[in-house]
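S.K.: Let chain G serve as the given structure and place chain Y on it in line with the hints.
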Amino acid sequence: MSSHPLAPRRLAALAALTAIAAGAAACGPKSEDAGADATPHQGGTLTILNQTPQTKFDPAREYTTGGGNIPGLVFRSLTTRARKAGAAGTAVVPDLATDIGEPSQGATVWTYHLKAGLKFEDGTPITSADIKYGVERSFAPQLSGGAPYLRDWLTGASGYQGPYKDPKGLSAITTPDARTVVFHLNKPEGDFPYLATQTQFTPVPKAKDTGTKYQDHPVSSGPYEVVSNQNDGTTLTLKRNPYWSQKSDAQRHAYPDRIVVDSGLDPAVIDQRLATGSGADADAVTTDTNLGPAELAKVNGDKELASRVGTGHFGFTNYLAFNPKVKPFDNQKVREAIAYAINRTSVVNAAGGSSLAEPATTFLPNQATFGYTPYDPFPAGRSGNAAKAKALLAQAGYPHGLTVTLTASTSDANQDGPAVAAAVQDGLKAAGITVKLVGLEDDKYQQDIYSVASEPGMFLSGWGADWPSGGPFLAPIFDGRQIVKDGYNFNSAQLNDPSVNAEIDRINKITDHAAAAKLWGKLDQRIGTKALTVPLFHPVYKRLYGKNVRNVVISDWTGVLDVSQVAVK
Amino acid sequence: MSGYVLRRLAGMVAVLLVLSVVIYAAFYIAPGDPAQIACGLKCSPAQVAQVREQLGLADPVYVQYAHFLGGIVAGRDFSTGTAVMHCHAPCLGISYRSGEQVTSMILQRLPVTGSLALGGMVLWLLLGVGTGLLSALRRGRPTERALTGLTMAGNAVPVFVIGLMLLIVFCSTLQWLPFPSYVPLTSDPQAWFWGLLLPWVSLAVVESAKYARLTRSSMLETLAEDHIRTFRAYGVSERRLVTRHALRAALTPVIALSALDLGTMFGSAVLTESLFGLPGLGKMLVSSVAVVDLPVVVGVVMVTGFCVVLANAAADVLYAVADRRVVLS
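Protein chains in written order, with the UniProt record's numbering: chain G, 1 to 569; chain Y, 1 to 329.
A few of these clues could be false.
Here are some chain Y residues pointing at chain G (derived, C-beta under 10 Å) [to be verified]: (1) P31; (2) C39; (3) P45; (4) E53; (5) Q54; (6) S95; (7) I168; (8) C171; (9) T173; (10) P178; (11) F179; (12) M284.
Partial list, derived from the structure: chain G residues whose beta carbon lies under 8 Å from chain Y [said to hold, decoys possible]: (13) G145; (14) Q161; (15) T212; (16) K213; (17) N231; (18) A268; (19) T276; (20) E455; (21) D486.
Ranges between beta-carbon positions, derived for each pair [to be verified]: (22) S228/G <-> E238/Y: 53 to 61 Å; (23) G75/Y <-> V326/G: 51 to 59 Å; (24) V169/Y <-> A116/G: 56 to 64 Å; (25) E221/Y <-> G353/G: 54 to 62 Å.
It should be emphasised that the hints constitute simulated quantities derived from the structure, not laboratory data. We put the beta carbon where it would ideally sit given N, CA and C, even for glycine.
Okay, chain G solo, but in the shape it has when bound:
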C-alpha cells in the first residue's frame, strides 16, 4: 500500500493488495453454532488467500499505508492507524511510542518516547537506536522500494545511501537516550505522525541485520513472528511472538495462534474458496481481492454469502485528467464544457454500478479526514448538461463541436479501461464532442501518462492517498515544485501557481489535523474551478470473508478488512 500523499492508482492498489485489509463491521455468523456466540476468542489458524505474494518482506522495502495489513502483524512502528471501523479508523494513534509525536520549532522537530518494556522476538529490548537504524537502512539502494518522503524531509538526507556505505548514519536523527528518538526536518511537516506509521519506522536490531537477506526472517516487534517464508513471500507462515504484549499494544488483537498467507492464487479461485469455505478456508480472508460486478451480483443472490461481504472505502478518486499543453485543452472553456458533459450515471455503471463506485465532483475523496468539502463547480447533474457544454464550446470557438482523443488503459481491472472510457465518450457525444479512444497496454499507459514528454491531452487517471490527509492527496498533483521533468510526474496539468504552492506550504505547517483538513478542502475547491481534472467517482471495495471469521473491522484508512482484528474462534 502506499503510505503517504497521493499514490497513483496502481501503486495504491498494489499497496492495498500487499499491505492493507480492513474490514467492516459486521461479525460473520459461526457456521456450526450460528449466531450463538459472536465474541472473538483466541486460537486457531487464520488463512489469508491472496493474489500478490509478500515479496520484499523487509520493513525498509515495504510501501504501506498505515504500516500495512500483513506487514503490520510483524512490524510495529512509532505510530499506527486506529484499528476502528469507518471514519474512526482514519485517526493516527501511538504504536511503539507513547504519543503520536511532540512537534517543536514549528513542526520541524519531532520527538518520540518509546513505551517501557518493549521487546523483539528474541527477548532483547527495543531501543531508540533500533528505530534510527531501521530508518537509516531504508536509504540503502539495496533495500529500495519504500515511500520516498524521508529523503526529502530529513535534514541532510537527500544524498545518504544507508548505513552499509555510510556507517556514520544520519545526523538528522538523534537518540538522547535509549527510549527517545528525535527527527530533525528541513521544513515544517504537520503530517509527520502519519508518515511515522510506515514500516521504515520499524525497529531493526543492527546485530541481526542481514541486508537483502533480512526479508527471509525479519526480527519481529509485533504480535507475530515469521516461521517460514517460501518462494519469495508466496507462502508466509506466522506464529505468536511470545515477547509481544497486548498491554503495550492498544491496536492489534492477535486472536489467531497462527496465520498462514497463501498467495499466488487466481482471483476467481480465491472468491470460490471463500464462498465454499471447506476445511481451512472457513477460517480464511483475503487482503487483496475485490469482488467485481459479476461476482457481486452472484453473491448478492445468496443470503448467506451476502452476509459475508465486507464493504470498505479507501480514499481514492478516479478522474479525467487534462494536459493543458495539448490543444484544445489549453482552453479552459473546452475543459469546462467536457466537465459539464460528463454523464456520471453511466460512468458509475461502467465502473461496476453504485455499490462499487460513488459519483465524485470533488478531487478530494468524500471523507472528512481528507478535508472533504462538497462542491460542484460545473454541475452536470446525474446524466450531463449537454446544453451548457455546447454553449461553452461555442464561446470557445467550436460552435460545431470538436473531436478529441481520450487515452485509457486496455484493462478494466483498475476502472480506468475501456468500460469507463466508453461511458465518458457517450456523455461527450451528446454535447457534440466526438471522442476517439486510444487504449494502451498497462505498462505503456502508465509510462505515458506519468511522463511530461509523452503525456496525452486527455486521459483516465486515479489517485489514492498514502495516508488519509489532504496534503498527500493534493500536493503531488497540484504543487508546481513537484513537477518531475525526467521521471514519473503526477502533476499532469503541470500547474505551477505560486499562490497554490504557498498555500500548500502554509497548511503543511499546521499540526492540528482537523484545522488543516478544513484548509485542504478549501484549496481543493479553489483548484477545482480551474477544470484541470474532472473527478468521476470514488471506488468502493467489496470483499468476501470465510464462514468462521469474526470481528471484521474495516477502516476508511485502508478500506479493507484488518487482519490484526480478525478472530476465527
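M.R.: Same frame as chain G, now just chain Y:
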C-alpha cells in the same frame, strides 16, 4: 556415436547462447526501467540512479552480459549490504526485485512445474494414445465418432475454463477434492497427488486431443502398410499385431510431439499454474516480465530452452529405440 553426442551438445549450447542474447536484446528494446520499478514510481531521478548502480545496470550492456556469462561458468559474488553472498556456478544472477539468487528461485520452482508437466504428460498420453488407438481400431463406428467428438470438445475449451469448471464441480459443489495446492512429493506423496490431480486432468483434457488424432492417423497408416498385411497373412494374432508391430511404429511421431510438449511445458504452463495457484516456473516468468526482472526472465528462458533441447535429444534416442529403421548419425 560419440561424435553424435558431441555435436548435439554443441548444438544445445549454441541454442542457449542465442536464446540469452535474444532475451538481453529484447529487454533493452522493451519499455520499462527495472531501477525505477524497484525503487518505486515516486523515487527521484537521483535515487533511481543509485538503485541502477546497485543493480549493475549502469554498466554497458555488453559488460552486463559478460558478467552474466561469467557467472554461469565461474559463479559471482554479490553484496547483501552486510555481507558478501556467493552465488555458485552456474550462477544466473540475482533478482532485481527480491535480491534472491535466480538459480535457487528456479530450483525451488522446478519440482512444481516438473510434477505438473510429467504427471500431466502421463495422463494425456494415456488418454490421447488410448482414445487414438481405440478410434483407429473402431474406425467408422459410433465409438470412434463419440471419442473424436469428446477429444475435440476437450481441445476446444481453454484450460482455465476446464480448470475452473473442475474446481467448481469437485472442490466447491461436491467437495470430493481439496482445492489444489502444491505439496512436495518428498514431504507427503498423497497430498502431492491429490493436490495435482485436477491440474493434471485439465492439462490432459486439453492436450490429449492432438495425441488422439495423431495416434489414430498414424495407426491407420501403419495398419495399411505391406508388412502388417504380410504379418496378418502369416496368421499373427490381431492383438499381437497391434501391440508388437503396428503400435510401435505408429508411436514414433507421438514420441516426437510429447518431447516437444514436455519441454515447452516448463515455461508455458502459466495458465494452469496461475489458475491452480501452483508456484511454478511459468508463473514466475510472467510476473518477472511484468516488473522487467531480467535475470529471472533470462534464467527461466534458459532453463526452459534447456529442457526443450534435452527433451528433443531424448526423443531422437527414443525414436531409434521405437523404430529400428532410424539410425543416429
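S.K.: Taking the hints in turn, state whether each one holds.
M.R.: Tested hints:
1. Using the Cβ-Cβ criterion of 10 Å, the hint placing P31/Y at the interface with chain G is satisfied: the shortest such distance is roughly 6 Å.
2. For C39/Y, the interface hint holds, the least distance from its beta-carbon to any beta-carbon of chain G being 4 Å, beneath 10 Å.
3. Restraint check, P45/Y versus chain G: the minimum CB separation of about 5 Å is within 10 Å; hint holds.
4. The criterion of a C-beta within 10 Å of any C-beta in chain G is met by E53/Y, whose closest approach is roughly 7 Å, and the hint holds.
5. For Q54/Y, the suggested interface contact is upheld, since its CB lies about 4 Å from the closest CB of chain G, less than 10 Å.
6. At a threshold of 10 Å, the smallest CB-CB gap from S95/Y to chain G is about 8 Å, leaving the interface hint in force.
7. Interface restraint check for I168/Y: the shortest CB-CB distance to chain G comes to about 7 Å, inside 10 Å, so the restraint holds.
8. Against a cut-off of 10 Å between C-beta atoms, the interface hint on C171/Y holds, since the closest Cβ of chain G lies about 7 Å away.
9. The beta carbon of T173/Y is positioned within 10 Å of a beta carbon in chain G (closest approach about 8 Å), and the interface hint is therefore held.
10. Interface restraint check: P178/Y against chain G, minimum CB-CB distance 7 Å, threshold 10 Å, status holds.
11. Interface hint status for F179/Y: upheld, as the beta-carbon distance to the closest one in chain G is roughly 5 Å, under 10 Å.
12. Look at M284/Y: its Cβ gets to within about 8 Å of chain G, closer than 10 Å, so that hint holds up.
13. For G145/G, the interface hint holds, the least distance from its beta-carbon to any beta-carbon of chain Y being 6 Å, beneath 8 Å.
14. A distance limit of 8 Å between C-beta atoms decides the matter here; for Q161/G the minimum to chain Y is near 6 Å, and the interface restraint holds.
15. Interface hint at T212/G: satisfied, since its Cβ lies 4 Å from the closest Cβ of chain Y, which is below the 8 Å cut-off.
16. For the restraint placing K213/G at the interface with chain Y, the shortest Cβ-Cβ distance is roughly 5 Å, inside the 8 Å limit, so the hint holds.
17. With its C-beta approaching chain Y no nearer than about 5 Å, N231/G sits inside the 8 Å limit, and its interface hint holds.
18. Restraint check, A268/G versus chain Y: the minimum CB separation of about 6 Å is within 8 Å; hint holds.
19. For T276/G, the suggested interface contact is upheld, since its CB lies about 4 Å from the closest CB of chain Y, less than 8 Å.
20. Look at E455/G: its Cβ only gets to about 14 Å from chain Y, farther than 8 Å, so that hint breaks.
21. Interface restraint check for D486/G: the shortest CB-CB distance to chain Y comes to about 5 Å, inside 8 Å, so the restraint holds.
22. Range check, S228/G to E238/Y: Cβ separation about 58 Å, and the 53 to 61 Å hint holds.
23. In this structure the hint that G75/Y and V326/G lie 51 to 59 Å apart at CB holds, the actual value being about 52 Å.
24. Distance hint check: the CB atoms of V169/Y and A116/G are about 58 Å apart, consistent with the given range 56 to 64 Å.
25. About 58 Å separates the C-beta atoms of E221/Y and G353/G, a value consistent with the hinted range of 54 to 62 Å.
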